[in-house]
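Residue numbers (this note's numbering), protein chains in the order written: chain Z, 55 to 376; chain S, 59 to 180.
Worth flagging that the hints you see were computed from the coordinates, not collected in a lab.
These numbers come from a predicted model, not from an experiment.
Any given hint might turn out to be false.
[Said to hold, decoys possible] In silico BS3-like pairs for lysine-lysine, Cα to Cα no more than 27 Å straight-line: (1) Z:248 / S:101; (2) S:154 / Z:337; (3) S:123 / S:135; (4) Z:248 / Z:309; (5) S:154 / Z:334; (6) S:135 / S:154; (7) S:107 / S:154; (8) Z:337 / S:83; (9) Z:337 / S:105.
One letter stands for each residue in the lines below.
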Amino acid sequence: MPIIEFDGKKYESKPDETVLDCLTRFDCPPPSSCRSGLCHTCMMRAIAGTPPESSQQGLKETLQQQNYFLACSCVPAEDLTVTLADSIAAPHFETIVLEKNLLTPVILQLRFSVPEGFTYIPGQFLNVFRDEHLTRSYSIASVPALENVIELHVERIKDGEMSGWLFDDLNLNDTLQLSEPLGECYYLPGNPEKSLLMVATGSGLAPLYGVIRDALNQGHQGEIYLYHGSENPEKIYLQNELENLTKLHDNFHYKPCISGDGADGNIMDRANEIALGTHKSLKDWRIYLCGHPLMVADTKRRAFLAGASLNDIFADPFEFSS
Amino acid sequence: MSDSLFDKIGGEAAVNAAVDIFYRKVLADDRISRFFDGVDMEKQAAKQKGFLTMAFGGPNNYSGKDMREGHAHLVAKGLNDSHFDAVVENLGATLKELGVTDELIGEVAAIAETTRNDVLGK
Chain Z
55 MPIIEFDGKK YESKPDETVL DCLTRFDCPP PSSCRSGLCH TCMMRAIAGT
105 PPESSQQGLK ETLQQQNYFL ACSCVPAEDL TVTLADSIAA PHFETIVLEK
155 NLLTPVILQL RFSVPEGFTY IPGQFLNVFR DEHLTRSYSI ASVPALENVI
205 ELHVERIKDG EMSGWLFDDL NLNDTLQLSE PLGECYYLPG NPEKSLLMVA
255 TGSGLAPLYG VIRDALNQGH QGEIYLYHGS ENPEKIYLQN ELENLTKLHD
305 NFHYKPCISG DGADGNIMDR ANEIALGTHK SLKDWRIYLC GHPLMVADTK
355 RRAFLAGASL NDIFADPFEF SS
Chain S
59 MSDSLFDKIG GEAAVNAAVD IFYRKVLADD RISRFFDGVD MEKQAAKQKG
109 FLTMAFGGPN NYSGKDMREG HAHLVAKGLN DSHFDAVVEN LGATLKELGV
159 TDELIGEVAA IAETTRNDVL GK
């Protein structure tokens with residue numbers, strides 16, 4: 055089996071074991087978060103040996119060329135000598151906590167100062183670092199043209215180490231480490247007439263709250279439909295703000311959807327059912343899907359079948375880890 | 059100088075036009091859609107683009123070994139000739155929709171046919 059050399063020591067991997075799992079087994083894990091190849095937290099660099107192509111999916115070409123790879127999706131085919139990446143997903147910026155508002159008992163609105171040099175597009179996400187071992191991704195809800203803060207919406211996860219810390223222990227004026235902004239779920243100017251369909255569950259609203267206000271601020275003319283769903287009314291938030299937006303903009307439509315029987319294992323939220331049932335042909339539409347991974351995957355497929363082009367579907371599945 | 063099949067169909071632009079239509083037909087086809095459950099749609103679309111380029115007679119580096127390995131897990135789930143036929147049928151319908159002549163569709167189907175044994179692991 056391939057040998058992984060890290061920090062001067064050699065570790066033998068098991069069949070089908072990723073670099074992340076192997077280093078975790080030997081008690082020297084690199085930072086990681088989603089373990090699905092999305093957040094790029096576990097990006098490493100091979101300084102000897104070549105990582106498999108599949109472990110470089112989604113990385114910028116320039117990084118691929120330099121043998122950067124994602125430890126969570128890297129099952130090595132040969133011996134690798136790896137180092138922690140001084141990566142874009144690493145803590146690069148220091149910010150100050152300006153506001154903490156409990157929007158509902160399970161949704162926390164956090165506002166940070168914008169560090170110098172931190173430029174983002176509404177809808178992107180960033181990684182928040184508690185310390186070198188704990189990091190999580192959160193989407194950005196703020197719009198730089200409208201507000202001089204970074205706003206995140208944090209959902210309280212049962213036994214969630216990071217969300218528990220952010221809810222209970224983080225104080226105003228604390229400093230916090232952030233990564234660079236990442237991700238491609240954002241408004242694209244240039245087609246102001248296009249209809250936009252947005253479906254969010256829970257704190258999946260955060261990036262869309264940014265994208266919608268960015269689109270309206272940039273003068274988007276086409277219709278914008280937002281369906282925000284949860285099985286639980288406590289995860290429907292910013293209702294007043296969104297209803298106010300519908301009054302200010304005739305082309306913005308908002309429907310909060312509570313699916314109800316969440317208690318008996320109803321994992322599929324109904325916001326997507328209402329959205330897809332209302333808008334049967336999605337040819338030439340642009341689609342934004344954020345939140346529960348099953349909702350996102352199911353709706354993506356159905357929106358495509360309803361005529362949306364794959365290039366026009368922006369999906370941001372939220373992987374929740376404790 | 060006679061144009062190649064790939065040029066006659068319309069080259070890469072034709073592939074790009076065909077991929078969404080073809081993939082949508084395949085996903086909507088109850089005979090075969092289950093084989094696409096749980097796949098990453100972007101990756102799948104990229105693979106279909108490769109397949110269409112090959113079937114249109116364009117530049118490709120498909121090998122029989124890749125085809126076998128790439129479909130082995132589906133063969134284990136019961137992929138057989140009837141499913142292969144359904145895919146070829148969807149391919150023909152896609153090209154028809156794009157205004158390609160029956161003669162050229164026949165040539166494309168013939169190229170697709172050359173992959174049958176490898177895809178089905180025969």
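Outcome of the hint check:
no., hint, in the structure
1, Z:248 / S:101, "holds, 26 Å"
2, S:154 / Z:337, "holds, 20 Å"
3, S:123 / S:135, "holds, 19 Å"
4, Z:248 / Z:309, "holds, 19 Å"
5, S:154 / Z:334, "holds, 25 Å"
6, S:135 / S:154, "violated, 30 Å"
7, S:107 / S:154, "holds, 18 Å"
8, Z:337 / S:83, "holds, 15 Å"
9, Z:337 / S:105, "holds, 23 Å"
Of the numbered hints stated above, the single one contradicted by the structure is hint 6.
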